[in-house]
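J.: Each protein sequence line maps, in turn, to chains A and B. Every letter in the first sequence is one number past the one before it in the numbering used here, and letter 40, counting from 1, is 40. Every letter in the second sequence is one number past the one before it in the numbering used here, and letter 110, counting from 1, is 110.
If a hint is listed, it holds; no wrong ones were tucked in.
Cβ-Cβ distance ranges computed for the label pairs, FRET-style:
(1) A:Pro41 - B:Ile38: 16 to 24 Å
(2) B:Arg69 - A:Gln56: 36 to 44 Å
(3) A:Thr107 - B:Gly72: 33 to 41 Å
(4) A:Tyr54 - B:Ser9: 34 to 42 Å
(5) A:Ala16 - B:Gly72: 45 to 53 Å
(6) B:Glu1 - A:Asn58: 24 to 32 Å
(7) B:Asn52 - A:Thr18: 44 to 52 Å
Hints are computed from structural coordinates only; laboratory data are not their basis. Glycine included, every Cβ here is placed at the ideal spot set by N, Cα and C.
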Amino acid sequence: AQTVTQSQPEMSVQEAETVTLSCTYDTSESDYYLFWYKQPPSRQMILVIRQEAYKQQNATENRFSVNFQKAAKSFSLKISDSQLGDAAMYFCAYRNDYKLSFGAGTTVTVRA
Amino acid sequence: EPEVTQTPSHQVTQMGQEVILRCVPISNHLYFYWYRQILGQKVEFLVSFYNNEISEKSEIFDDQFSVERPDGSNFTLKIRSTKLEDSAMYFCASSEGGVGYNEQFFGPGTRLTVL
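So that you can see chain A by itself, here it is in the shape it has in the complex:
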């Protein structure tokens, strides 16, 4: 079974600064997909960014980027120029079949 580990329960960042959320996973597969989902308070989870394991280039979506290290099984998320609206729970997820396997989540607070 695949396991996803997020070792930071909480992170705090000053508005306009950068924060990096860590995620590691365990798998014996070579072909899989990785995702970061954001869940604002009392709102549904929305996809932030995704990465295909066979692509070496790190994915980027506006202020969000990942550092994908396949050999280390690491998939961190960097939020640049943090905004108040970035405050949420962030989940890292792994997929190689139908299901998503989630990490425990990291709560990000943004200080004005």
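Starting from the known structure of chain A, arrange chain B on it as the hints suggest.
T.: Relative to chain A, chain B alone:
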């Protein structure tokens, strides 16, 4: 923008009762999922559903659970005889395609409380 919707937002039931949680996936999506999150724990996969069949299920999804797409729009999760440990947030999701890169779109969840 199309969204996955779930009803009710909060359901309270007595142990041993049957509950049905309802979801309306995004209309052109073909794959449907249920996940749950017990308070303080990870979001866990329960089941995926495609072409009126279960395509994958977890060990959590035992005989007490069933899923159905009773019409062209709803997707339901039934728990036949609820236990205290079934108390959790239940999330429905849907996607256009199945495996791999396809984004799963999540609903806001139903909080189930079993007394």
